[in-house]
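J.: Residues per chain are reported as follows:
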Amino acid sequence: MSAVEEVSHQDGANQVSDVVVRFAGDSGDGMQLTGSNFTEATAIYGNDLATFPDFPAEIRAPAGATFGVSAFQIYFGSEDVSTAGDDVDVLVAMNPAALITNLKDVLVGGLLIIDSDAFTDKNLARAGYSSNPIEDGSLDAYRVIPIAVTKQVLESVKPFGLSHKFAVRCKNMWTLGMVMWLFDRDRSITTDSLKQKFANKPEIADANIAALNAGHAYAETAELPTGVEVYRVPRAEAAPGLYRNITGSESLAYGLIAGGQLADLPITFASYPITPASSLLHTLSGQKQFNVVTFQAEDEIAAVCAAIGASFSGSLGITSSSGPGISLKAEAISLASATELPLIVVNTQRGGPSTGLPTKTEQSDLNQSLFGRHGDSMLPVISCSTSVDCFDVAIEAVRIATQFMTPVILLSDGYMANASEPWLLPDINDYEPFPAKFETNPEGFTPANRDPETLARVWAKPGTPGLEHRIGGIEKDFDSGDISYDADNHQRMTDLRKDKIEGIANYIPEQEVSQGSPKGKLAVVGWGSTYGSIHQAVKRCRHEGLDVSHIHVRYMNPLPRNLGELLAGYDQVLMPEMNTGQFINIIRAKYLIDAKPLNKVSGQPFKIREVETAIRSLLES
Amino acid sequence: MNAPVQKLTAKDYASDQEVRWCPGCGDYAILKTIQKLMPELDVQKENQVFVSGIGCSSRFPYYMNTYGFHTIHGRAPSFATGVKLSNPELDVWVVTGDGDGLSIGGNHMIHVLRRNVDLQILLFNNEIYGLTKGQYSPTSKVGTKSPSTPDGSVDMPLRPCVFALGAGAKFVARTIDTEAKHLTPVLGRAHDHKGASFVEIYQNCPVYNDGIFDQIKDKKNAADTRLVLEHGKPLTFGVEDRKGLRMNAKTLLLEIVTIGEDGVTIDDVVVHDETNKVLAQMLAGLKLPEFPEPIGVLYCESTAPSYTDDVYQQRIVVRETRGPADINDLLRSGHTWTVS
Numbered sequence: 001m002s003a004v005e006e007v008s009h010q011d012g013a014n015q016v017s018d019v020v021v022r023f024a025g026d027s028g029d030g031m032q033l034t035g036s037n038f039t040e041a042t043a044i045y046g047n048d049l050a051t052f053p054d055f056p057a058e059i060r061a062p063a064g065a066t067f068g069v070s071a072f073q074i075y076f077g078s079e080d081v082s083t084a085g086d087d088v089d090v091l092v093a094m095n096p097a098a099l100i101t102n103l104k105d106v107l108v109g110g111l112l113i114i115d116s117d118a119f120t121d122k123n124l125a126r127a128g129y130s131s132n133p134i135e136d137g138s139l140d141a142y143r144v145i146p147i148a149v150t151k152q153v154l155e156s157v158k159p160f161g162l163s164h165k166f167a168v169r170c171k172n173m174w175t176l177g178m179v180m181w182l183f184d185r186d187r188s189i190t191t192d193s194l195k196q197k198f199a200n201k202p203e204i205a206d207a208n209i210a211a212l213n214a215g216h217a218y219a220e221t222a223e224l225p226t227g228v229e230v231y232r233v234p235r236a237e238a239a240p241g242l243y244r245n246i247t248g249s250e251s252l253a254y255g256l257i258a259g260g261q262l263a264d265l266p267i268t269f270a271s272y273p274i275t276p277a278s279s280l281l282h283t284l285s286g287q288k289q290f291n292v293v294t295f296q297a298e299d300e301i302a303a304v305c306a307a308i309g310a311s312f313s314g315s316l317g318i319t320s321s322s323g324p325g326i327s328l329k330a331e332a333i334s335l336a337s338a339t340e341l342p343l344i345v346v347n348t349q350r351g352g353p354s355t356g357l358p359t360k361t362e363q364s365d366l367n368q369s370l371f372g373r374h375g376d377s378m379l380p381v382i383s384c385s386t387s388v389d390c391f392d393v394a395i396e397a398v399r400i401a402t403q404f405m406t407p408v409i410l411l412s413d414g415y416m417a418n419a420s421e422p423w424l425l426p427d428i429n430d431y432e433p434f435p436a437k438f439e440t441n442p443e444g445f446t447p448a449n450r451d452p453e454t455l456a457r458v459w460a461k462p463g464t465p466g467l468e469h470r471i472g473g474i475e476k477d478f479d480s481g482d483i484s485y486d487a488d489n490h491q492r493m494t495d496l497r498k499d500k501i502e503g504i505a506n507y508i509p510e511q512e513v514s515q516g517s518p519k520g521k522l523a524v525v526g527w528g529s530t531y532g533s534i535h536q537a538v539k540r541c542r543h544e545g546l547d548v549s550h551i552h553v554r555y556m557n558p559l560p561r562n563l564g565e566l567l568a569g570y571d572q573v574l575m576p577e578m579n580t581g582q583f584i585n586i587i588r589a590k591y592l593i594d595a596k597p598l599n600k601v602s603g604q605p606f607k608i609r610e611v612e613t614a615i616r617s618l619l620e621s
Numbered sequence: 001m002n003a004p005v006q007k008l009t010a011k012d013y014a015s016d017q018e019v020r021w022c023p024g025c026g027d028y029a030i031l032k033t034i035q036k037l038m039p040e041l042d043v044q045k046e047n048q049v050f051v052s053g054i055g056c057s058s059r060f061p062y063y064m065n066t067y068g069f070h071t072i073h074g075r076a077p078s079f080a081t082g083v084k085l086s087n088p089e090l091d092v093w094v095v096t097g098d099g100d101g102l103s104i105g106g107n108h109m110i111h112v113l114r115r116n117v118d119l120q121i122l123l124f125n126n127e128i129y130g131l132t133k134g135q136y137s138p139t140s141k142v143g144t145k146s147p148s149t150p151d152g153s154v155d156m157p158l159r160p161c162v163f164a165l166g167a168g169a170k171f172v173a174r175t176i177d178t179e180a181k182h183l184t185p186v187l188g189r190a191h192d193h194k195g196a197s198f199v200e201i202y203q204n205c206p207v208y209n210d211g212i213f214d215q216i217k218d219k220k221n222a223a224d225t226r227l228v229l230e231h232g233k234p235l236t237f238g239v240e241d242r243k244g245l246r247m248n249a250k251t252l253l254l255e256i257v258t259i260g261e262d263g264v265t266i267d268d269v270v271v272h273d274e275t276n277k278v279l280a281q282m283l284a285g286l287k288l289p290e291f292p293e294p295i296g297v298l299y300c301e302s303t304a305p306s307y308t309d310d311v312y313q314q315r316i317v318v319r320e321t322r323g324p325a326d327i328n329d330l331l332r333s334g335h336t337w338t339v340s
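So the sequence lines, in the order shown, correspond to chains X and E.
The numbers in the numbering used here rise by one with no breaks, and the one at position 283 of the first sequence is 283.
The numbers in the numbering used here rise by one with no breaks, and the one at position 269 of the second sequence is 269.
Since the hints were made in silico from the structure, they are not lab data.
Incorrect hints may appear among the rest.
Stated by the list, open to error - Cut-off 27 Å, straight-line C-alpha distance, at most; resulting in silico cross-link-like pairs (DSSO-like, lysine-lysine):
(1) E:K32 - E:K217
(2) X:K590 - X:K498
(3) X:K288 - E:K194
(4) E:K145 - X:K437
(5) E:K217 - E:K233
(6) E:K181 - E:K217
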């Protein structure tokens, strides 16, 4: 049953515990903007929330085309929300294409808000409808509110004298106004942000605000189907403190800046535009006050090489891309491994192989991260699990890269990069600094000197008198750092590089159980952005008394030193992954555990239900 | 940067590594000349960085007692850009070859020149791949017989200085490996130039392409085969500078004239102006046997802003405008709300 049907009537208002709303329209209809404004208002209202922007690779697909539909989903509620929700309670469909492609996700009894003006013969045919679904009874299982939105909008923005083209563009704000009425959201934040966004075009701002208010007023006064009234979603109980909404790519960018400060290092961020990784470059290029230099290179290779050059000369070099771009960087990453320089390589994973699904999510670059280079160039790999988690993982990447003088691969993905969630803001002063050490003493210096504990090579930057030295890709003598083709020395250096990376396991936390107990019938082991779905699925199953726990791995290489022992404490292990089974092969090979896979590569995150079903079937078998 | 307190010598710039080029390689001469030049520059040794890619020439940094980074094939300009972005105070030299810099690394060469990153780029051109044992290169003449072109190469070579000018380089020069008297001042000018300085060095590979530049290097022919460029001086060459280049007003091409014949005087000869890009492009395209090959500074636009300076400047302005940066403030930017 849809949440908007399953209501309790307290204080005369419809009360629901949680709701999923999806806005869907043409890729030029402004659905992402609509969704993010509704998200802001919902966060400030005090609900917990998670979002899922889902858009096509085409920037402006032909109007009315099914492949051009852009959607923004938000799940909000009075309890712990960690996914964007399985099923849709309220669908806003701006045209037939948006309806036909999204209807399958709407619960029976769910609410459909439809712009009937867009249901023209041409648009219906383009979407593949042979008759108008608003009229032919095919939507009888839902509660349908067809509104002539276009007409309403043109009327409401008339006083501002916009051209037809610009006037019609206010449609998204009109529907937003209506949905805000439905859930009693405050419009002032949207009003403020419109004024800010169109500061130089006040007539556009005014028209959009008028449309927003008109949509709200319409909902308030029109006769809507029985039972469609204002729904109240009680505020979520949250830890006290200051909050904001954050997307994964923003929190990752902030984490890198924070990491640079904690390491007391300037940052050189070199990147080449690629979906869905570019927003990291955009965010960081606007933060020059933080000793951050950004460089949009001519290609992926130049980007990683510039980052390594920057590290050589005493900055923290960072590069960022998505799978195909990381492939291009592979040779240079191996050079950074051979020369033992710090480097962070951020991979915001997307559907592959090749161009694949650029705007859709996947976690299929784990094998690439672990093995996708020539030679024995083992590297630390760490992964983020939620939008908020990206902040801490970025700091951790900086710590490992600089303390161990090694490239670090940091895995994010398209889902969490774009998705937002509320963040209880941390205080940077609570983080332990880890200042980078530069060699300055020429006495006994060689570029091969290293810390006997961590095995980290010494970092001597150009500009330091007496430490002039050469490094490069040719194998280096263990003692002097000079080039060496000696057979035994190569064995020794290869072993050393391996020992150094494996030894990082002694400097990372032991694996914890994120939900449940450290022993039992079943552990669901995940990594990356599957966190939310696994968390909710395990929570629901435990609520019913099932013996299942959730373990979420951040350190993909080296793995936490207790992981094998921990997993041995469960009768069964289930591993959901948005790939064909990459991490599971590592776990099976390393710990000889008969873990069971749950794989999905549809470009969409796991639904809670899918993980729940897998848990039940393993526990019942 | 401060001048060295104690005057260093060429020896101070030689590393303790045994030089491993083939006997007779032109790289030896270039190395010696650069080691001699270094103490004359107003830069402290610890502020100098040599960055290279892959190839014979790219072993260069190992032999310099400065900071050095031997990187990967074709990418030295990108590493050097990163070095310079991170620390604009450093004096950064890129050493590359015709294969490294113009084939696998051609794209980076275009962009490092276009951006005008403040570097010295020395392209050792021997018109052959040495380290991979003698295949033809993008600068090899048509018909070059090599292991990969046993019947002679058929593709057109590119002219490095034409390429550099096309990419927007602000300093373009050509010189010769074994001619220290020419090489030294050209490298000095390249160093003094703010921005990307591109220097093509004709370099002999005695093993795979021996004598490829002999016509120009041979003292007997040199007067007729090379055109020594000097800013403000007429473009004359030949025995007793009897020949010169004149601009044909009808074809808009340079043509060879003999002074004293057909009423031609020195006043008819084009005067070299290294700030004239059109002239530089014409000179860069001249080649034997039709024309003498120019050596010297073809083009120098000294007022162009350098990328690294501009990036640095932009940061200073942003920091001054925005005031002190605080991570906690950054995190708390945008809409926030309090749960009590």
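J.: Which of the numbered hints are not met once you compare them with the structure shown?
T.: The structure conflicts with hint 4 only, although it agrees with all the remaining ones.
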